[in-house]
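Engineer: Assemble the whole structure, with the sequences as input and the hints as a guide.
As a plain string of letters, each chain reads:
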Amino acid sequence: MSASTTLIACWLGLAVLSFASVQLGSAGATLLMVCAVLLAALGKAWLIADGFMELRHAPPMWRWLILSWPVVMAAGVLLALSVSL
Amino acid sequence: MSTSLELTLRPDASPTRHLPGDLAMWFFILAELTVFALLLLTFAVAQALQPQLFHDGRQLLDSSTGLALTLSLLTSGLFAALAQEQVRQAQARRGAWLLLAALLSASVYVWLKLGEYSHLANSGLGMEHNTFFTLYWILTGFHFVHVLLGLVILSWLAERCRQGAYGPGNCSALESGVLYWHMVDLVWVLLFPLVYVLN
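Going down the list, the sequences are from chains A and B.
Using our numbering, you'd call the opening residue of the first sequence number 1 and step up by one each time.
Using our numbering, you'd call the opening residue of the second sequence number 1001 and step up by one each time.
Honestly, the hints are just simulated from the structure, not real lab data.
Note that this is a predicted model, so its numbers are computed, not measured.
Keep in mind that the hints are not guaranteed to be accurate.
[Claimed, not checked] Partial chain A-side listing against chain B, Cβ under 8 Å, derived:
#1 A15
#2 V22
#3 A29
#4 A41
#5 I48
#6 A49
#7 F52
#8 M53
#9 E54
#10 W69
#11 S84
By construction, the Cβ of each residue, glycine as well, lies at the ideal position given by its N, Cα and C atoms.
Structural biologist: Next up, the structure:
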């Protein structure tokens, strides 16, 4: 697969996950829904990091540093919101 | 600062691991992500403390506008990444056109966001309205400033590309600028569900 095709595939994945987030958000305010929306956000962040920012070819330290940022964010948001659900 | 970082792995397969752009840009991105992390977590904790207030505040936002904002930023990111790929293949002029497309797509984001800000301000939902809108304006406003800076960077890169300043062996500055733009996307994909979607 050429680099351009990979980038377009990443964008398609990002668009699908964005639509899915909004649909999930309108489905209700449950812990399961929050987890699903955050998982979609995590998937999008990883697509940007590995696809657009080309971290899949980067030294592992930098790749994991950037990939772990959305994981920490999603975990923090889930922890905070689970208190109020 | 070095222009790029390369580490040799095995000689037979995957010979090099390459960090695109300038190393300084990656440290800048880490610093920016740390600041945004604090803002995003503050928003989440405030929502946990006042869930009803945040639920009511979110009802006043249009999630379809949020979706359109997301798609315009992601499309702009795609064009910027494609431009970088074209420059690496010695197609600098095509790269300049793609950067212009990235700029136009980002302008859609700016237009939509200004429309949203204007609507909220005219409805009396300013920064002092309540905790939700205080954090909404701070968080999205800080991100919006980054988008505006990104527009300046994309314009500069497009012009330099048009002049033929970048090529296959000389595109570290272009990569750094494009990386900044992807960082803006990266923050938005976490900001969007937190502000517009998660009740």
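Engineer: Confirm or reject each hint.
Structural biologist: Results for each hint:
1. Taking 8 Å as the C-beta contact cut-off toward chain B, the hint placing A15 of chain A at the interface holds, the least distance being around 6 Å.
2. Look at V22 of chain A: its Cβ gets to within about 5 Å of chain B, closer than 8 Å, so that hint holds up.
3. Using the Cβ-Cβ criterion of 8 Å, the hint placing A29 of chain A at the interface with chain B is satisfied: the shortest such distance is roughly 4 Å.
4. Interface hint at A41 of chain A: satisfied, since its Cβ lies 5 Å from the closest Cβ of chain B, which is below the 8 Å cut-off.
5. Hint status for I48 of chain A relative to chain B: holds, with the closest Cβ pair at about 5 Å, below 8 Å.
6. For A49 of chain A, the interface hint holds, the least distance from its beta-carbon to any beta-carbon of chain B being 7 Å, beneath 8 Å.
7. Checking F52 of chain A against chain B by beta carbon gives a least distance of about 5 Å; that is within 8 Å, so the hint holds.
8. Interface hint at M53 of chain A: satisfied, since its Cβ lies 5 Å from the closest Cβ of chain B, which is below the 8 Å cut-off.
9. For E54 of chain A, the shortest C-beta to C-beta distance to chain B is roughly 5 Å, which falls under 8 Å, so the interface hint holds.
10. Hint status for W69 of chain A: holds, given a least beta-carbon distance of 5 Å to chain B, under 8 Å.
11. Given the 8 Å rule on beta carbons, the hint for S84 of chain A holds: about 4 Å separates it from the nearest Cβ of chain B.
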